[in-house]
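Asker: Make the full structure from the sequences, and use the hints.
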Amino acid sequence: MEVINSRRWAPRGRNRWIAAAAALGAAAIIRAILHPLLGPFMPGTAFLIAAVLVEYYCGLAPALCVMLLGLCLADYLFVPPYGHIDVIDASDLHLLISYPLLTILIISLVERLRRAQYRAELLAAVAQSRYEMLLRHDNERLLARRATDEMHRMLRHIAQYHRSLILIKALDPANSLPPGSFVAAAATATPNALVDDASLHAGIAYCAKHTQVHEEDLAHVRVHLTPGHHRMRFLSGARDDWRPVECVCDRFTTSSGEFLVLRADD
Amino acid sequence: MNATPFSGIEGSDHAVLLLHGLSSSPLELRFLARLLADEGFATHTPELPGYSAGTGHQPMEQWISAAIAEFDRLAARHRHVSICGLSMGATLAAAVAHERPAARALLLLSITLNYDGWAIPWYRFLLDYVYYTPLRSRYRYREQEPYGLRNEALRSKIARAMQKNDISEVGPAFIGLPALHEAGRLAGSVTKKLKGIGTDCLIIHAIDDETSSPHNARFVGTTIGASFLRTIWLDDSYHMITSDNEREVVARECALFLRESVAATVSSHNPAPVVSRALARRLRQLATVARKA
Chain G
1 MEVINSRRWA
11 PRGRNRWIAA
21 AAALGAAAII
31 RAILHPLLGP
41 FMPGTAFLIA
51 AVLVEYYCGL
61 APALCVMLLG
71 LCLADYLFVP
81 PYGHIDVIDA
91 SDLHLLISYP
101 LLTILIISLV
111 ERLRRAQYRA
121 ELLAAVAQSR
131 YEMLLRHDNE
141 RLLARRATDE
151 MHRMLRHIAQ
161 YHRSLILIKA
171 LDPANSLPPG
181 SFVAAAATAT
191 PNALVDDASL
201 HAGIAYCAKH
211 TQVHEEDLAH
221 VRVHLTPGHH
231 RMRFLSGARD
241 DWRPVECVCD
251 RFTTSSGEFL
261 VLRADD
Chain E
1001 MNATPFSGIE
1011 GSDHAVLLLH
1021 GLSSSPLELR
1031 FLARLLADEG
1041 FATHTPELPG
1051 YSAGTGHQPM
1061 EQWISAAIAE
1071 FDRLAARHRH
1081 VSICGLSMGA
1091 TLAAAVAHER
1101 PAARALLLLS
1111 ITLNYDGWAI
1121 PWYRFLLDYV
1131 YYTPLRSRYR
1141 YREQEPYGLR
1151 NEALRSKIAR
1161 AMQKNDISEV
1171 GPAFIGLPAL
1181 HEAGRLAGSV
1191 TKKLKGIGTD
1201 CLIIHAIDDE
1211 TSSPHNARFV
1221 GTTIGASFLR
1231 TIWLDDSYHM
1241 ITSDNEREVV
1251 ARECALFLRE
1261 SVAATVSSHN
1271 PAPVVSRALA
1281 RRLRQLATVA
1291 RKA
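So the sequences go chain by chain: G and E.
Quick note on our numbering: the first sequence kicks off at 1 and runs consecutively.
Quick note on our numbering: the second sequence kicks off at 1001 and runs consecutively.
The set of hints was computed from the structure by calculation and includes no laboratory data.
In this text the structure is predicted, and so the values were computed from the model without any measurement.
No residue lacks a Cβ here, since even glycine has one placed at the ideal position from N, Cα and C.
Do not rely on the hints blindly, as some may be mistaken.
Stated by the list, open to error - Covered stretches of chain G (chain E as the covering partner; in silico rule of three or more C-beta atoms under 8 Å from a C-beta of chain E):
| no. | region |
| --- | --- |
| 1 | 6-16 |
| 2 | 119-129 |
| 3 | 141-149 |
To be verified - Short derived list, chain E residues pointing at chain G, Cβ under 8 Å:
| no. | residue |
| --- | --- |
| 4 | D1128 |
| 5 | D1208 |
| 6 | D1209 |
| 7 | P1214 |
| 8 | E1253 |
| 9 | A1255 |
| 10 | V1275 |
| 11 | S1276 |
| 12 | A1278 |
| 13 | L1279 |
| 14 | R1282 |
As the list claims (entries may be wrong) - Here are the in silico distance ranges between beta carbons for each label pair:
| no. | chain 1 | residue 1 | chain 2 | residue 2 | range |
| --- | --- | --- | --- | --- | --- |
| 15 | G | S255 | E | P1101 | 33 to 39 Å |
| 16 | E | L1135 | G | S108 | 35 to 41 Å |
| 17 | G | P227 | E | Q1285 | 33 to 39 Å |
| 18 | E | G1040 | G | L171 | 38 to 44 Å |
Answerer: Next up, the structure:
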């Protein structure tokens, strides 16, 4: 796959030009220090190395500039007669042919490799982004499936225990989607169900058994209902004859919100 | 400041301020705005004086002020307000986020700090100097193919629209030098402010963006001060990622990030659950890498 921006792999800004100038200066100084030792031998090598390093770190344009300026400096300073550029002999021709040829060849190869490397980095970044998107969507799918399973469990629970249900409460009526209608639907499916405006607004539906529960207990669970076992007073035959009954509260986290279902554990 | 016909700012506690590109119109964000509205977010895509197409010339400080005024209007009505921008709109969005740290999330789509993509001519830097010549009011930068679109069918449709009118659904046919100059100033100002932006940030950028190279997104990703940062790279789009081949991916990821940002911070006692083991592993890996860095 072609990535046209791979040719823009090099860093931007003026820093790369400063680095290129520094590399050119360093090459000239090193070659000048070695000049008593080397004499006219290999006048362009230091500039070739500088140009290749600049190509690797700073890109094509600074590298070409370093190469051209290096050629001038090498010919002027390190090719006899030293300090003269107007005399052209075999040494000058040798430098003018071999140095640019070799430098351009190496720079071209480095440029090609750097573009391929940058292209691979960009494609790897795309692959990583896609993998993470896949994982996030997989997580969303699992969450949706879990919520759906929970909804099915809750509906089965309501169908199984509809005669012993006391109330169904939405934990967060404001954010449940939509809590009122769901609770109302559940409530109307059971006999003796009661959904008045106030309770519907609060996300509470009273079910078949609620008429037998002591009013104080009912008021308590309306506010402080938690999952687990509760003991509540149930009307037993005669008037004001209350007996304790074990009740169970189950919590369901469904796609339509979180609900607590309270039933008598008959 | 005008509201566009597809602004919907009622009935949600999370609003998204959508800022279009330089000298363009809210049309280029139409698809994203529609999908965000479908996902339950209130969206608002204003036209800003001096910044939007056909609204004259204003300095970039006025652009920021106008965008901040729009943000404040939304903040007065909604519990959460996020900012989303495309191209130079993303740069403007970052400037607004710097001035309004209460912003819930910052979505930077094809952010442009430098015009350095592959379709930008090499002599582009000369335009910065032409601004100081009499050519300032005469020269206009003309948009050319591929118009920010990898999708060829859409590109030919846009080419026809550009020939008939001065503007299309992916931007203007021409951009004046004063606007480009102010955009450069805005980018320079935002570059210095990035470290001070702590808003949750999503960056989406195409690797083959012909207008702003991936260096822009990388620079923002490494510089911005946000603790919740996500970068998504696309490979089948050019600059106009809200209209191109991957517009659905862009819109879906924006909506997901906005939801996660709210879940991660506002409801910190009940964050978005991670049930996928593979995702949990990946998040642990990323956390380890972040700690080492």
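Asker: Are the hints correct? Go through all of them and say.
Answerer: Hints and how they fare:
1. By the rule of at least three residues with a Cβ nearer than 8 Å to a Cβ of chain E, the coverage given for the region 6-16 of chain G holds, with 4 such residues.
2. Taking a C-beta to C-beta cut-off of 8 Å, the region 119-129 of chain G contributes 6 residues in contact with chain E, enough for the three needed, and the coverage statement holds.
3. Restraint check on the region 141-149 of chain G versus chain E: 3 residues with Cβ-Cβ distances below 8 Å, three needed, restraint holds.
4. Taking 8 Å as the C-beta cut-off, the interface hint given for D1128/E is violated, the closest approach to chain G being about 14 Å.
5. Given the 8 Å rule on beta carbons, the hint for D1208/E holds: about 5 Å separates it from the nearest Cβ of chain G.
6. Interface hint status for D1209/E: upheld, as the beta-carbon distance to the closest one in chain G is roughly 7 Å, under 8 Å.
7. For P1214/E, the interface hint holds, the least distance from its beta-carbon to any beta-carbon of chain G being 6 Å, beneath 8 Å.
8. With 8 Å as the threshold, the beta carbon of E1253/E comes within range of chain G, its nearest partner Cβ sitting at about 7 Å, so the hint holds.
9. Interface restraint check: A1255/E against chain G, minimum CB-CB distance 11 Å, threshold 8 Å, status violated.
10. Contact between V1275/E and chain G, as hinted, is supported at the beta carbon level, the nearest pair being about 5 Å apart and thus within 8 Å.
11. Checking S1276/E against chain G: minimum C-beta separation of about 4 Å stays under 8 Å; hint holds.
12. Because the closest C-beta pair between A1278/E and chain G is about 5 Å apart, less than 8 Å, the hint holds.
13. Checking L1279/E against chain G by beta carbon gives a least distance of about 4 Å; that is within 8 Å, so the hint holds.
14. The beta carbon of R1282/E comes within 6 Å of a beta carbon in chain G, closer than 8 Å, and the hint placing it at the interface holds.
15. Range check, S255/G to P1101/E: about 34 Å between beta-carbon atoms, so the 33 to 39 Å window is met.
16. Distance hint for L1135/E and S108/G: a CB-CB separation of about 38 Å, consistent with the stated range 35 to 41 Å.
17. Distance hint check for P227/G and Q1285/E: the Cβ-Cβ separation is about 35 Å, which falls inside the suggested range of 33 to 39 Å.
18. Checked against the hint of 38 to 44 Å, the pair G1040/E and L171/G fails, with Cβ atoms roughly 20 Å apart.
Violated hints, listed in ascending order, are 4, 9 and 18; each of the other numbered hints is respected by the structure.
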